[in-house]
Structures are given as C-alpha cells and as structure tokens.
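I would like the entire structure built from these sequences, with the hints used as guidance.
Protein chains: 2
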Amino acid sequence: SVNPDLGSERQTASFCVERLTALLDGGTEQTRIRRAVVEAIESDPVFSRENQYFQTQNERYEAAVRKAVHLQKKLHEMGWTENGPEYKYIYRALSGDVAFLLHRVFMRSISVLGSDKQIAKWIPLATQHKIIGSYAQTELGHGTYLQGLETTAVFDTATQEFILNTPKISAMKWWPGDMGRSATHTVVFAQLYIHGKCYGIHPFIVQIRSLQDHSPCPGITAGDIGPKMNFEHIDNGYLLLKNVRIPRENMLSKFCEVRPDGTYVRQGSQKINYFTMTTVRISLISDEVLTPLMKACTIAIRYSVVRRQSKLKPGEQEAKILDYQTQQEKLLPQLAAAYAFYFINDYLQELFNRGYTEIQRKNFDMLPELHALSSGFKAVITQHCTAGVDICLRACGGHGYSLLSGLPSLYTKILASCIYEGENTILLLQTARFLIKCFMAASAGQPVPPSVTYLAAVKHGKCPAKNKLDFLSPDIYTEAYQHVAVRLTSNTAAKLQGLIQSGVKKHDAWNQCTVQLVQAAKAHCHYIAVKNFAETVEKLETKAGIQKIMKHLCDLFALHGIFSNTGAFLHDGYMSAAQMDMVTASYLDLLAVIRKDAVPLVDAFDFTDKSLNSALGSYDGQVYQRLYEWAQRSPTNQMSPAYERYLKPLLHNTLSKL
Amino acid sequence: SVNPDLGSERQTASFCVERLTALLDGGTEQTRIRRAVVEAIESDPVFSRENQYFQTQNERYEAAVRKAVHLQKKLHEMGWTENGPEYKYIYRALSGDVAFLLHRVFMRSISVLGSDKQIAKWIPLATQHKIIGSYAQTELGHGTYLQGLETTAVFDTATQEFILNTPKISAMKWWPGDMGRSATHTVVFAQLYIHGKCYGIHPFIVQIRSLQDHSPCPGITAGDIGPKMNFEHIDNGYLLLKNVRIPRENMLSKFCEVRPDGTYVRQGSQKINYFTMTTVRISLISDEVLTPLMKACTIAIRYSVVRRQSKLKPGEQEAKILDYQTQQEKLLPQLAAAYAFYFINDYLQELFNRGYTEIQRKNFDMLPELHALSSGFKAVITQHCTAGVDICLRACGGHGYSLLSGLPSLYTKILASCIYEGENTILLLQTARFLIKCFMAASAGQPVPPSVTYLAAVKHGKCPAKNKLDFLSPDIYTEAYQHVAVRLTSNTAAKLQGLIQSGVKKHDAWNQCTVQLVQAAKAHCHYIAVKNFAETVEKLETKAGIQKIMKHLCDLFALHGIFSNTGAFLHDGYMSAAQMDMVTASYLDLLAVIRKDAVPLVDAFDFTDKSLNSALGSYDGQVYQRLYEWAQRSPTNQMSPAYERYLKPLLHNTLSKL
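Chains as they are written, first to last, in full-length UniProt numbering: chain A, 1 to 658; chain B, 1 to 658.
By construction, these hints were calculated from the structure, which means they are not laboratory data. A few of these clues could be false.
It does not matter which identical chain is used: a pair holds within one copy or between any two.
As the list claims (entries may be wrong) - Derived DSS-like pairs: lysine-lysine, alpha-carbon spacing no greater than 27 Å straight-line:
id	residue 1	residue 2
1	K610	K548
2	K197	K242
3	K311	K437
4	K311	K495
5	K495	K596
6	K117	K254
7	K73	K648
8	K648	K130
9	K168	K242
10	K505	K313
11	K548	K596
12	K168	K197
13	K121	K271
14	K320	K551
15	K271	K117
16	K197	K311
17	K242	K462
18	K320	K506
Nothing here was measured: the structure is a model prediction, and the numbers come from that model.
Rendered as structure tokens:
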C-alpha cells in the first residue's frame with residue numbers, strides 16, 4: 001500500500017509520466033526493452049544487492065566476481081549479444097556492481113592499439129575468459145601527466161624481448177581495477193627504450209599470474225591497494241615489475257613497432273586513438289554520473305513528501321518538508337540539473353557520433369572541439385552532479401546519513417568521477433586553452449569551430465529584461481549566459497596577454513591566470529548546457545503537458561545558475577540590481593510551481609525499488625517500516641563479544657533492578 | 001628521514017612555528033600538558049587506531065568499548081581527573097574513537113534536569129559504571145521539531161507509575177548512541193499525560209536491559225540501527241516501548257514534578273536548561289569540526305609539496321602541485337578558514353562563559369543573542385569546514401580517495417555535524433528570526449544586543465578602496481561585509497513586511513522569504529567572523545613573525561569570501577567592477593605569499609602522525625612507501641575464496657603460458 005502522502009502527489013501530475021519516460025528512453029520500444037532487461041536481472045537472486053550495505057570489502061569483491069561469472073551464463077541464456085539492443089541496459093541494471101569491468105578495457109585497448117595478428121591471438125582468449133585482463137597505466141607517482149610515467153620497457157635485441165621494470169617505488173602501477181586479485185594479464189604502459197634511447201610511452205601485454213594456480217609470475221609483485229571510499233567490489237591493484245621479460249610480439253603495434261634489429265617504426269595516424277580517449281569521458285556520463293544524481297533526486301524527493309516536520313501554519317498538521325521553500329531550493333534545482341545534463345548528454349553523444357564518421361573519413365578537423373567539449377563537460381557535469389547528490393543526502397537529515405538510505409554510497413561513488421578519467425581542474429584548463437586559442441583566432445577574423453563562434457560576437461549591450469516574466473524567456477537568459485562566457489574568456493585573454501607583454505614568461509603568465517581560466521571554461525559549458533536545454537524544449541511535443549513542464553525545468557536550471565552566481569552577471573553592468581531582483585523573484589516563484597510536479601518528475605526516471613536500494617526512496621513511500629525492518633537484519637544486531645569481554649565484568653555485581 | 005621536498009618547506013618559514021602552536025594552545029604550559037596527554041594515549045597500544053580503516057562495524061564497536069573500559073584504568077593510573085587540566089585533551093587524543101560518549105550526556109542530563117535526590121541516587125551508579133546510560137530523544141519520525149515527539153508517558157495514579165509507549169512506528173526512538181548494544185539505562189523524552197491531559201515533553205529514566213544478563217527488560221525492544229556513513233564505532237540504537245512501567249520517581253524533576261495524586265507542579269526557571277542546549281552547539285565546534293578541517297589541511301598541504309606532477313616550466317623538473325595557482329586556490333582558503341574559525345571559537349567560548357556568569361546571577365538578557373550566535377555559527381562553521389575537508393580530499397586526487405589517506409573518514413564524520421544538534425538550515429532560520437526582530441527594533445530606535453547594533457547604522461555609502469592594496473586594509477573589507485549583512489537583512493525585512501501588508505498570511509510570508517533569510521543569517525556570521533579575525537590579529541604579538549602571517553591569513557579569509565560571492569558586494573553598487581577586479585588581484589597575490597608558509601602553518605597545528613592516521617600526511621612526507629606498506633596489510637590481500645569458487649573453474653584448462 002502506498003503511503004497516502006506520496007500517493008496524493010501522483011494524482012495531480014500536470015503531465016503524462018509514461019510519456020516522459022519514453023522521451024527519456026528515446027521511444028516506447030526502448031522503454032520496453034530496458035524494462036525487460038531490468039526485470040530479468042532483478043529477478044535473478046545472484047544479482048541481488050540487498051545485503052550490500054552490510055558487507056565487508058572482501059565480501060563485496062567475492063560477490064562481484066560471482067556476478068561477473070554468472071552474467072556470462074545469463075547473456076547466453078537470454079540471448080543478449082554485444083550488438084543487441086539490450087546490451088546497453090545490462091550494466092545499468094546491475095548498478096555497476098560486477099567485476100571484470102577492466103577486462104573490457106583490456107580488450108578494447110588491444111582492439112584499438114593492437115595489430116591484426118595481436119587481435120587475432122588475444123581477443124578470442126579474452127572473450128572466452130581463458131584469461132582475465134586489466135589495464136595498468138596509472139602509477140603511485142603519476143596519474144594525469146602520462147609523459148611522467150616511470151615504468152620502463154627496455155628492448156633486448158639478443159633475446160628479442162622487452163625487459164620491464166618499475167625502477168622506483170613511485171613507478172609502481174597503482175589503481176588498475178581487477179588487477180589486485182583477479183587478473184592474469186594486463187596492458188602495461190611503459191617508457192620504451194631501445195639502445196639506450198627513450199621513445200616515450202607504449203603499451204605492452206604482460207602476464208602477471210599463473211594460469212595454473214594464479215600465483216604471481218616471476219618478477220611480479222601484485223596485490224590489492226586496500227580500502228577506498230567506495231568501489232569495495234573492485235580489486236584495484238598494485239603491480240611491481242622486476243626484470244619481467246616479455247616477447248617482442250607483446251608490444252601493441254598498430255601504430256608503432258620495434259623491428260628485430262631494434263629499428264623503431266611509427267605507422268599510421270594515432271589521432272583515432274586520441275579520439276577514443278576523448279569518447280571515454282563522454283561515455284561515463286550517463287551511467288556513472290547522471291544515474292546517481294537521478295537516483296538521489298528520486299530518493300530525496302519521495303522522502304520529502306513523506307516526512308512531515310514542524311508546522312507551516314499554526315494549528316494545522318505538520319507540513320511535508322517539501323513544502324518548505326528552503327527544501328525546494330535544495331532539491332528542485334538538482335532535479336532541473338539532472339534533466340539539463342540528460343539532454344546535453346544526448347547532444348554530446350550525437351556530436352561524437354558525427355565526429356566518429358568524419359574521422360573515419362580521415363577528416364580530423366573536429367578533434368580539438370570534441371576534446372574541449374568532452375573535457376569541459378566531463379568536469380562540469382561530474383562536479384555539478386556530485387554536489388547535487390551531496391545536497392540530496394543532507395536534505396534528508398539523519399536518515400540520509402544512514403547507509404540504508406542509499407545516498408551515502410551514491411555520493412562516495414559519484415565523487416570518484418571528479419577524479420578519474422582526468423582530474424577536473426586539469427580538464428577545465430584544457431577547455432580553457434581551446435577557448436583562448438579560439439578567442440584569439442576569432443578576434444583576428446579567422447574561422448573557429450561551431451561551438452565557439454559566439455566568442456567572435458562580443459557585444460557590450462545590456463540585458464533587455466523589464467520585468468520578472470521576461471526572465472522566463474530563453475532568449476533573455478541564454479543571451480545572459482553567453483555574455484558572461486564571452487566576458488570571462490576575453491578578460492582572461494587580455495590579462496594573459498598583458499602579463500606576457502609586461503615581460504612575464506608565458507608559462508608563468510598562464511599559471512597566474514588559471515583560477516580565472518577555470519571560471520571561463522565553466523561559463524562556456526554552462527552557456528552551452530542552458531542553450532541546449534532551451535533548444536531541446538522548443539522541439540518537444542506539446543501534447544500531454546511534456547513541453548510545458550520541461551520549459552519550467554529549463555527556466556529553473558537557467559535562473560538557478562544566475563541566482564547562485566549573481567556576481568558574474570552583475571559585474572560589468574550587463575544586469576542591474578533591479579533585474580537581479582527580478583531573477584530572484586522568478587526563480588523563487590518557479591520553485592513553488594515545479595514543487596507540484598516533483599514526484600511525477602522523479603517517477604518518470606522509472607527506477608525500480610531494487611535499483612534504488614534505499615529505505616527512503618521506495619515507490620510506496622513506506623519509509624519508517626523499511627528502515628526498521630532493514631536495520632534489524634544488520635550484522636550489528638548479532639551478539640557482540642564486547643558484552644562478555646568488557647561490559648559484563650564492568651556491570652557485574654550491581655543490583656538486578658534499581 | 002624527511003622527504004627533502006617537504007623538509008625544504010620548513011627551512012623558509014617566516015615565523016616561529018613553536019610560538020604559533022603555543023598561541024593556539026593558549027600558552028606554552030598548555031602545549032606541554034596537551035603533548036603529555038597525547039604521548040600517554042598514543043603510546044598505549046589499546047588506544048591504537050592503526051587498523052581502523054580495515055575493520056568492520058562490529059570490530060570498530062568492540063574496539064571502542066574496549067577503549068572506553070581501558071580509559072577508566074588509564075585515568076586512574078595517570079591521575080587525570082575531570083577537573084584537571086589534562087581532561088579536555090583526552091577525547092581529542094583519542095580522536096573520539098571511544099564508546100560511552102552518550103553515557104556522559106546521560107549523566108549531564110540527570111545533573112541538569114534531576115532533583116537533588118535523583119542526582120544522589122543515579123550519578124554515583126553511573127560514575128562507577130554500574131549502569132551504562134544513553135539519551136533517547138530523537139525518534140524515527142521526529143528530530144529537530146521536539147514538540148512533535150510521539151512517545152507517551154501516562155501517569156497511573158493507582159500504581160504511582162508512568163506507563164511508557166511508542167504507539168506508532170514513527171515514535172520509535174532512533175539514533176541514540178550507546179543504546180543499540182551497550183546501554184542498560186536511558187533518559188527517554190516523552191509526552192507526559194496525566195488524567196488524559198498532555199503536559200508536553202518530559203525526561204524519564206528507563207532501564208532497558210537487565211543488569212544480570214543484558215537481556216531486554218519487559219516491554220523493551222532495542223537494537224542497532226545498522227550501517228552509517230561513519231561512526232561505525234558507535235552503536236546508535238533503536239528503542240520500542242510497550243507498556244513499560246517506571247516508578248514516579250524516575251521522571252527527572254528539577255523543573256517539573258508529578259505529585260502522587262497527579263497534580264502537575266512546575267518549579268524554577270527552565271531558562272538555564274535552554275542555555276545548556278545552546279552551549280552544546282558551541283562545545284562541539286572545537287573537537288568535531290575544527291580539528292577535522294585542521295587535520296585535512298595538514299594532510300593535503302603536506303601531500304601537495306611532496307607530489308610532483310607535470311611541468312610548470314618546460315625543460316625543468318616536474319613541479320610540486322602546490323605551486324599551481326589552482327591548487328593554492330583550493331587549499332589555502334581552507335587553511336585561512338581553519339584559523340578564522342579557531343579564533344571565532346575562542347570568542348564564542350568567552351562570550352558563553354560571560355553569559356553563564358550572568359545567568360547564574362538570574363540575568364537572562366543575553367540568552368536570545370547567545371542562542372542566535374550559537375545557532376548561526378554552528379551552521380556556518382560546520383558547513384564551511386565540511387566543504388573544506390571535501391576540497392582537501394579532492395585536491396589529493398586518487399590518493400585522497402583511498403581510506404589510507406585519512407581524508408574520507410574525516411569527511412564522512414564531519415558531514416554529520418551539519419545534521420546533528422540542529423539541522424543547519426533550521427538553525428540559520430533561528431538566527432535570521434533574531435536578526436529581523438533586532439532590525440525592526442533598531443529601526444524603531446530601541447536598544448539591541450551588542451552583536452547586532454551595526455544593523456541600526458544603515459549606511460548607503462560606497463566602498464572607498466582606490467587600489468588593490470586598499471583591500472589589504474581590515475577596515476575596508478570589514479565594512480564591506482557589514483554593508484552586505486545589513487543590506488540582506490533590511491531587504492528581507494522589507495520583503496517580509498511587503499508580503500504581509502499585501503495580505504499574505506504571516507507564516508506564508510515567512511516561508512516565502514526563507515531562502516533569503518538564510519542568506520542574511522550567513523552574511524551576519526561571516527561579517528562577525530571577519531571582524532573578529534581582524535581584531536584578533538591586531539592584538540597579537542608582533543614578535544617572531546606571528547602577527548604578520550596571521551594578518552595575511554585574515555586578509556585571505558576576507559578576500560576569499562568576497563571573491564567567492566562577488567554578487568553580494570556588487571549588487572547595490574557598494575563595490576564597482578573595477579574594485580572587484582582589485583579584490584581578485586589582491587586575493588590571487590595573497591595565495592602566492594601564503595603558499596611560502598603553507599607547511600609551517602599546518603605544522604603549527606601540531607598533529608602527531610598517529611592522530612592524523614594518514615599515509616599522505618605524515619611529518620616525514622614519505623607518502624609512497626607508506627601507502628604501499630599499509631596496503632599490503634589490508635585484509636583484501638588475504639587469499640579470497642573467490643579464486644577457488646569462481647576464477648579457477650573459469651580459467652581452468654587454458655595454456656600454462658601464452
């Protein structure tokens with residue numbers, strides 16, 4: 001039975017929930033397929049995540065391996081293939097709680113970086129799980145700066161082998177998933193040396209554990225890096241190499257080869273490879289970043305209409321906490337952001353598909369723009385969504401702090417996305433470098449890529465809004481975001497040039513501008529996100545109330561961004577104080593409007609109770625019962641040896657009853 | 001041996017570290033006592049926290065109980081008494097990792113709320129640990145809004161007993177520490193009913209577990225609420241009461257008594273009791289909020305001079321990451337905030353001591369101001385410090401994400417401080433209510449408490465700064481903060497009045513202003529923090545470079561606040577865009593200045609390696625060795641059953657060597 005406080009929220013939806021779900025999925029047929037996959041996975045007890053909050057790191061790892069092995073059976077049983085329509089829903093249905101994810105990266109790197117002969121040898125072995133692969137790039141001492149990696153691979157002409165070493169402790173491979181306990185093989189990135197000359201970083205296939213008894217191969221020291229903030233199910237590992245010899249054929253050689261005599265040959269273009277690295281940043285957004293925020297919104301919003309606390313009106317029943325303006329102001333902008341980023345993700349996917357087609361035609365013109373967009377949006381979306389999950393957690397008070405709410409694990413997991421696949425600050429500076437370059441080019445009248453043509457059109461106008469309703473016009477706010485992005489880019493470019501002209505060395509000048517460069521990069525992405533949301537809304541069907549509610553969310557996303565960052569819009573007088581007061585008024589009005597549809601808007605995400613795995617977020621809103629029942633099953637409710645050992649001697653010999 | 005990259009940072013300190021440590025401690029004698037306590041605790045293996053990141057919730061609980069029992073012995077052995085100078089350092093030296101903290105709250109509540117007879121009966125039993133107490137206020141359905149608690153205590157004249165019940169699932173007591181597994185007794189807060197009439201919330205002593213075998217008493221269901229984001233060592237518990245009968249004497253009756261015939265008698269003033277609740281918010285700041293931020297700064301800053309990544313200058317060695325402006329901009333403002341809040345904490349402590357003296361003289365005039373300050377600063381400091389720890393964690397990249405860095409547990413623990421002892425948003429609204437009231441009074445020419453007299457002096461001037469150096473003048477920036485606080489308070493007061501005059505009901509009008517009221521409350525606290533920091537610096541000794549470096553930090557704290565919130569200062573034209581550019585320039589300049597003293601500034605906090613419990617933050621900066629050695633001891637490096645069960649069958653029958 002559904003909690004009436006939650007049920008009543010669904011009766012007044014201004015739009016058709018099922019239709020919005022289909023819109024998000026990309027059609028009703030996609031919704032059907034997705035639900036079938038979720039049903040198949042969730043009805044299989046091996047994939048259960050029910051006890052996950054009670055398990056140790058060792059138990060989580062073991063379960064993830066069990067699931068990975070079982071998944072192979074399941075794929076076969078269900079007839080799901082890598083090219084089938086179901087495939088993309090499997091990982092999401094498992095909530096990523098499965099081992100051997102790096103095995104897939106291992107395979108992809110061989111496919112992309114390996115010669116045809118290497119592919120023919122290794123891919124079948126990996127596909128059949130006769131070997132388990134990992135991907136060993138990051139070292140204790142080096143992450144983002146790949147050129148600094150210290151592992152070496154020295155070519156020995158005499159034996160036709162590479163000799164691999166991690167010569168210092170900081171060179172030790174550190175973090176690779178599946179490597180701590182599972183992998184038999186890994187792709188090691190190392191500095192290639194031939195006849196004493198360094199040729200830079202290259203990939204090598206290295207066997208690390210025996211296929212007979214799983215013991216480490218000669219020269220190998222490997223293990224697990226220990227506890228982390230999340231990802232308990234993954235055996236992130238370390239790897240020391242001491243004179244490990246591998247045959248010449250084990251260097252992945254699609255782009256570079258070492259001939260038997262030690263001649264180094266570079267062949268073909270590596271650009272497609274850079275493109276692959278860039279797409280990874282986009283591909284993680286959906287499952288690793290958007291899904292957690294959407295889940296967190298679902299949990300926090302459902303809880304906020306079930307939880308009643310204090311009185312809004314004297315003499316009345318206690319109010320639902322979502323009726324407090326401050327609670328709306330916490331949660332509803334996160335909901336709007338989830339939709340905004342969902343749509344920008346669609347936009348980026350499409351752009352990258354187009355880019356891929358162009359690149360296959362040997363046209364690499366789009367690469368710099370794609371790199372800038374993927375870097376910037378990876379950083380902006382991960383940062384924004386991580387903050388959003390944090391807000392959802394805190395907005396649920398004490399119950400949000402219980403692991404049983406599901407929110408802590410969503411937070412500790414999404415937080416990692418700000419760090420992996422490129423640390424966010426460094427990525428934003430990559431985007432900024434592109435912006436400055438394009439701004440200079442545009443100023444000199446040269447052509448620039450489509451996403452930055454706006455930088456050429458520096459206008460010194462003022463915001464034309466005359467009343468608070470004007471701020472519900474996408475033209476008004478999109479233009480404001482554009483203005484800020486141009487101003488921050490051009491001002492920082494000017495500062496940079498000024499410093500250089502005054503004699504500061506170029507790299508010092510760059511460093512002195514980086515705080516502001518980061519701001520410019522964020523403003524650029526924020527502008528594109530707002531513009532894309534507005535354009536998406538315009539194209540939506542007007543039926544079933546969909547366009548109307550999406551327009552509200554778009555307005556909220558845009559106005560929340562202005563309200564939270566007023567200085568950027570006020571700075572040069574583009575907006576006046578009076579206009580900012582209108583923004584505030586419109587923004588606060590919108591909260592009350594969207595609040596009415598808050599529950600239907602999260603229902604449309606269509607998460608099952610099992611996928612939320614939350615005592616606060618279930619569809620029926622029976623929060624307190626679920627918390628109580630779940631807590632009773634905690635291992636902390638077993639008898640503790642602490643009683644016999646410490647409490648009993650302490651309490652002994654007191655009166656039986658006071 | 002100290003890592004030379006860390007060692008070199010200490011040779012160029014602009015001030016005397018030992019003297020700054022003494023300043024923070026309140027004198028060299030205090031430093032000596034603190035170090036002696038730390039030494040005694042840390043040299044005792046029972047108190048070791050070395051394995052804490054590897055332990056399950058059950059193991060953490062057991063260790064905390066063992067430590068609590070051992071601590072009693074230790075106190076005796078060392079001659080440490082509750083009134084001795086060592087006492088306040090014990091909890092800090094244990095990093096709070098000990099059981100029976102609620103036992104102390106249990107005792108304090110009896111001391112404050114109990115009659116002399118009750119104190120005489122219960123306090124000796126509790127002191128000798130013949131019973132273990134807890135404090136059961138929060139329920140599944142009610143936290144902050146105490147009036148809504150649903151537990152009932154019905155007086156039965158016939159038997160001279162109270163009958164206690166948790167009539168609904170939402171009435172179940174939930175969260176009390178030490179209650180899940182340890183406590184024999186607890187203070188239950190319940191709605192008192194006599195002859196069918198409700199007299200509101202009252203405290204009752206209830207025995208929950210047998211003193212013979214620790215089994216639950218009749219009518220009691222109790223247990224542990226399960227896993228949380230942190231506090232694994234505490235058995236936060238639940239408690240159901242079903243017709244639990246306790247004698248009339250068990251209602252704590254210093255302020256209210258129920259006579260045998262059911263007559264309800266209220267006696268004395270409860271105001272001192274409210275004051276006690278208020279002081280708890282202040283008392284937690286030091287150990288639960290400031291210490292974690294200071295530890296996080298120590299870890300992240302030491303790591304940032306040891307970690308080298310990428311090149312700042314082409315052709316040179318890789319740079320220390322603290323030499324990047326973006327890294328400085330992350331960490332140094334957190335360091336400045338740690339000092340700012342350290343000093344405001346001193347200020348609040350002193351104010352509360354004064355308040356206590358006044359209240360003992362039956363002068364309650366200071367109560368509203370103390371309540372407003374304690375609410376506002378509890379919220380602002382917990383929020384700011386939690387954000388600071390988060391920034392420190394992320395600034396350490398992947399290694400920050402490892403539990404072995406110490407940063408994840410600092411974060412997950414400090415986060416709770418935003419929720420417990422009053423949810424932050426609600427506390428800020430309490431402060432705002434006080435501000436609005438005082439603003440109205442001041443506008444009407446009535447006297448107001450000292451901390452808000454500035455509200456009377458609404459000035460419409462402009463910031464007088466003419467160049468970037470002017471922004472290093474405390475008068476300039478303090479005045480700017482004051483201006484913003486006044487503007488936000490007066491504007492919100494005007495909005496509130498306007499709404500009410502236009503016919504909106506008072507409570508609706510209040511709700512519609514709450515987002516802005518929260519901003520006003522924060523601005524008020526921020527202003528006081530800046531002003532207090534500036535005043536503190538002025539009084540410091542000029543010797544040994546102390547005042548100079550503290551002045552830099554004060555400037556940084558103030559300018560960072562403006563830089564991060566430019567809109568508030570630009571809004572009404574108090575500052576111009578040109579002035580804001582000066583703020584930015586001064587702010588960025590300061591980062592480079594303070595960076596030189598960053599390591600000495602965290603060294604002055606004087607944390608031992610054991611208290612940091614971090615592979616990244618140790619005094620010698622041997623980060624990589626420590627991570628590696630520590631990881632090897634992780635239970636995840638024991639043989640896993642996953643190999644025999646799942647991996648071996650999978651890998652079986654492949655070639656032994658490829």
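Going down the list of hints, with the structure as the test:
1. K610 / K548: Neither. Shortest intra-copy (31 Å) and inter-copy (58 Å) distances fail the 27 Å Cα cut-off.
2. K197 / K242: This pair counts as within: shortest intra-copy Cα distance 20 Å, inter-copy 81 Å.
3. K311 / K437: Only across copies: K311 and K437 sit 20 Å apart there, 56 Å inside one copy, limit 27 Å.
4. K311 / K495: between (53 Å within a copy, 22 Å between copies)
5. K495 / K596: between (47 Å within a copy, 24 Å between copies)
6. K117 / K254: Answer is within: at 10 Å inside a copy they meet the 27 Å cutoff, but 87 Å across does not.
7. K73 / K648: between (51 Å within a copy, 16 Å between copies)
8. K648 / K130: between (54 Å within a copy, 10 Å between copies)
9. K168 / K242: within (10 Å within a copy, 65 Å between copies)
10. K505 / K313: Intra 64 Å, inter 9 Å, cutoff 27 Å: inter-copy only.
11. K548 / K596: Answer is within; shortest intra-copy Cα gap is 13 Å, inter-copy 55 Å.
12. K168 / K197: within (19 Å within a copy, 77 Å between copies)
13. K121 / K271: Classified as within: same-chain Cα gap 25 Å, cross-chain 81 Å, threshold 27 Å.
14. K320 / K551: Only inside one copy: K320 and K551 sit 26 Å apart there, 47 Å across copies, limit 27 Å.
15. K271 / K117: Intra 21 Å, inter 84 Å, cutoff 27 Å: intra-copy only.
16. K197 / K311: Cα proximity of K197 and K311: across copies only (22 Å, versus 75 Å in one copy).
17. K242 / K462: This pair counts as neither: shortest intra-copy Cα distance 65 Å, inter-copy 68 Å.
18. K320 / K506: between (57 Å within a copy, 19 Å between copies)
In terms of the numbered hints stated before, the structure departs from hints 1 and 17, listed from lowest to highest.
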